[in-house]
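Can you make the complete structure from the sequences, with help from the hints?
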Amino acid sequence: MSHKVIVPIGPYHPLQEEPEFFRLYVEGEKVTDIDIVIGYNHRGIEELAEEKHFDQIAFLVERICGICSSSHPFAFVLAVEDLLKTQVPQRAHYIRMIIDELQRIHSHLLWLGLAGHFIGYNTVWMWAWKYREPVLDLFELITGNRNNYAMMKVGGVRRDMKEDDFPTIKKYLDELVPVLDMFKGAVMDDPVIASRLKGVGILSRQDVLDYGALGPTARASGVDIDVRRDDPYALYDSVKWSVITQKEGDVFAKAVVRILEMYECVNIIRQSLSKMKKGPIDANVTDMIPGEGIGRVEAPRGECFHYIRSDGTNRPVRHKIRAPSFMNVASNKVSCVGGTISDAAITLAAVDPCYCCTERTAVIKNSTNKRIMNGWDLIKLSQEKTHRLLHEAGLKR
Amino acid sequence: MDINTQIKEKLGNRITEWLEHSPRRIYLTVDKESIKDTASILFNELGLRLSTATAQDLPEGFEILYHFSFDKTGQFFSVRVFIKGKKNPQIESIAPILKAAEWIEREMWELFGIDFKGHPDLRHLLLSDDWPKDEYPLRKDYKKPYEK
Numbered sequence: 092m093s094h095k096v097i098v099p100i101g102p103y104h105p106l107q108e109e110p111e112f113f114r115l116y117v118e119g120e121k122v123t124d125i126d127i128v129i130g131y132n133h134r135g136i137e138e139l140a141e142e143k144h145f146d147q148i149a150f151l152v153e154r155i156c157g158i159c160s161s162s163h164p165f166a167f168v169l170a171v172e173d174l175l176k177t178q179v180p181q182r183a184h185y186i187r188m189i190i191d192e193l194q195r196i197h198s199h200l201l202w203l204g205l206a207g208h209f210i211g212y213n214t215v216w217m218w219a220w221k222y223r224e225p226v227l228d229l230f231e232l233i234t235g236n237r238n239n240y241a242m243m244k245v246g247g248v249r250r251d252m253k254e255d256d257f258p259t260i261k262k263y264l265d266e267l268v269p270v271l272d273m274f275k276g277a278v279m280d281d282p283v284i285a286s287r288l289k290g291v292g293i294l295s296r297q298d299v300l301d302y303g304a305l306g307p308t309a310r311a312s313g314v315d316i317d318v319r320r321d322d323p324y325a326l327y328d329s330v331k332w333s334v335i336t337q338k339e340g341d342v343f344a345k346a347v348v349r350i351l352e353m354y355e356c357v358n359i360i361r362q363s364l365s366k367m368k369k370g371p372i373d374a375n376v377t378d379m380i381p382g383e384g385i386g387r388v389e390a391p392r393g394e395c396f397h398y399i400r401s402d403g404t405n406r407p408v409r410h411k412i413r414a415p416s417f418m419n420v421a422s423n424k425v426s427c428v429g430g431t432i433s434d435a436a437i438t439l440a441a442v443d444p445c446y447c448c449t450e451r452t453a454v455i456k457n458s459t460n461k462r463i464m465n466g467w468d469l470i471k472l473s474q475e476k477t478h479r480l481l482h483e484a485g486l487k488r
Numbered sequence: 003m004d005i006n007t008q009i010k011e012k013l014g015n016r017i018t019e020w021l022e023h024s025p026r027r028i029y030l031t032v033d034k035e036s037i038k039d040t041a042s043i044l045f046n047e048l049g050l051r052l053s054t055a056t057a058q059d060l061p062e063g064f065e066i067l068y069h070f071s072f073d074k075t076g077q078f079f080s081v082r083v084f085i086k087g088k089k090n091p092q093i094e095s096i097a098p099i100l101k102a103a104e105w106i107e108r109e110m111w112e113l114f115g116i117d118f119k120g121h122p123d124l125r126h127l128l129l130s131d132d133w134p135k136d137e138y139p140l141r142k143d144y145k146k147p148y149e150k
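If you read the protein sequences in the order shown, they are chains A and B.
Heads up, the first sequence is in the working numbering, so the first residue is 92 and it goes up one at a time.
Heads up, the second sequence is in the working numbering, so the first residue is 3 and it goes up one at a time.
Keep in mind that the hints are not guaranteed to be accurate.
[Unchecked claim] For each label pair, taking beta carbons as the anchor points, the in silico distance ranges come out as: (1) A:GLU231 - B:LYS34: 44 to 54 Å; (2) B:ASP131 - A:ASP124: 15 to 25 Å; (3) B:LYS145 - A:GLU108: 27 to 37 Å; (4) B:TRP133 - A:GLU254: 45 to 55 Å; (5) B:LYS12 - A:ASP281: 33 to 43 Å; (6) B:LEU48 - A:LYS471: 48 to 58 Å.
[What the hints assert, rightly or not] Here are the computed lysine-lysine pairs in the DSS-like style, where the Cα-Cα straight-line distance is at most 25 Å: (7) B:LYS145 - A:LYS471; (8) B:LYS101 - A:LYS338; (9) A:LYS476 - B:LYS101; (10) A:LYS253 - A:LYS331; (11) B:LYS101 - A:LYS424; (12) B:LYS74 - A:LYS338; (13) B:LYS146 - A:LYS143; (14) B:LYS38 - A:LYS424; (15) A:LYS289 - A:LYS369; (16) A:LYS471 - B:LYS142; (17) B:LYS150 - A:LYS471; (18) B:LYS89 - B:LYS38; (19) B:LYS145 - A:LYS476.
Hints in this document: simulated from the structure, not taken from any laboratory.
All of these numbers come straight from a predicted model, not from anything done at the bench.
Virtual Cβ for every residue (Gly too), placed ideally from N, Cα, C.
Spelled out as structure tokens, the structure:
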């Protein structure tokens with residue numbers, strides 16, 4: 092006789108850093124159904140964006156997620172540039188590409204480490220995060236920040252890259268390739284990892300199409316989509332690289348796609364560095380017109396989508412954000428069901444979920460119906476403090 | 003035959019407006035009643051992928067943009083639907099045809115109060131379950147806590 096038992100994972104996830112709640116319905120060891128509850132990280136960014144002007148939003152959306160923190164502003168500036176039909180200078184395009192590809196390397200290494208950690212292979216975790224560190228150092232060198240790079244700007248980029256830094260970047264890339272070879276060997280040729288991950292959490296091609304899964308999750312199931320190639324933005328059509336796909340759709344295939352993709356990132360950055368010519372980095376956009384614009388970017392997890400509608404003022408009327416995890420996390424409904432509980436942890440992590448991105452807003456009420464502190468209260472407190480300090484300093488207008 | 007002609011042919015007179023912002027960004031308007039057929043034709047017959055949907059609060063009602071992506075050519079088709087009137091906005095759910103629409107319809111339901119008829123599982127996605135009824139945070143008339 093079998094009973095149906097509910098195994099809760101979360102909201103404080105035992106492994107992942109972000110709050111989410113999975114209700115696994117199990118019979119014996121087998122997962123028969125899953126309910127995904129999200130919303131623990133909802134911060135109201137879409138609403139907040141409607142109260143900021145276009146220059147500020149690039150900074151705001153950068154804070155949606157700390158890992159893909161250049162994808163969101165990138166998609167946002169593309170949306171505004173689509174609305175305005177701005178011609179962005181060539182050098183700015185290449186700088187944007189370099190930042191985005193470096194980010195992809197750091198994001199994939201981060202996932203690889205976490206995946207190793209999830210299956211109890213902590214050596215991969217330590218290594219992957221060790222070699223991720225120099226990428227953050229490069230970011231610091233180029234942008235001044237290890238995270239939240241603040242480079243994207245409507246019409247171009249905020250800071251130029253120095254030609255003096257190119258040798259350092261090239262040296263890092265040269266050093267990264269043997270590291271990637273090592274990971275390729277450690278993951279793809281390791282019999283333990285293969286027997287742990289092969290055939291686990293399979294997402295079929297049809298499931299990918301039904302759920303609209305994106306990025307490496309889709310490409311590991313043989314769905315050949317990549318916004319960088321399909322709808323080329325920046326100057327992705329001027330560099331040579333290839334889209335990595337696998338057919339199996341299991342967790343192993345997703346790991347392979349991500350590892351092989353990092354080689355392509357190296358490829359793109361090298362070409363961008365050599366093709367970049369000195370010149371302006373900003374189109375100096377000054378006027379806003381009414382209309383609507385769509386920007387999409389291939390973030391490390393898939394297509395990141397931003398929609399902007401403007402009425403001609405300096406604030407958008409509507410700003411819609413859809414992060415790739417919003418589609419990918421929903422696809423766990425099929426990949427997890429039918430497997431065992433022990434596979435659930437890695438299957439749920441295989442889409443590289445990012446809940447910060449998936450949820451974007453919060454006004455919280457607790458059970459006593461009393462409002463507790465939320466984002467608005469904090470902003471208000473912060474504004475009050477600023478006014479108080481200005482007043483005290485005698486600078487109050 | 004290119005995808006633009008195919009869409010025009012298959013959807014026929016369901017399309018009330020066709021606007022090409024740029025070759026890869028196309029906006030088309032259809033009637034509220036035909037959204038289910040439209041979604042079915044675009045997804046099942048022409049193989050477009052539902053990227054997401056955007057709801058908007060307008061003075062005269064609501065507007066939903068269903069963003070479909072055709073990845074072979076990189077074109078992005080946004081299907082626009084108007085829901086007239088501010089009271090009890092209703093539209094048929096496309097989630098029975100397109101599983102990808104399930105979450106986004108739940109999000110639009112709780113943030114805008116648009117009722118999706120025929121949705122298999124219409125409940126809160128991002129907001130907490132004890133969120134007060136008739137408070138829709140992305141509507142323009144929503145009062146934020148500090149404004150009350």
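Tell me the hint numbers this structure goes against, listed in increasing order. 5, 9, 15
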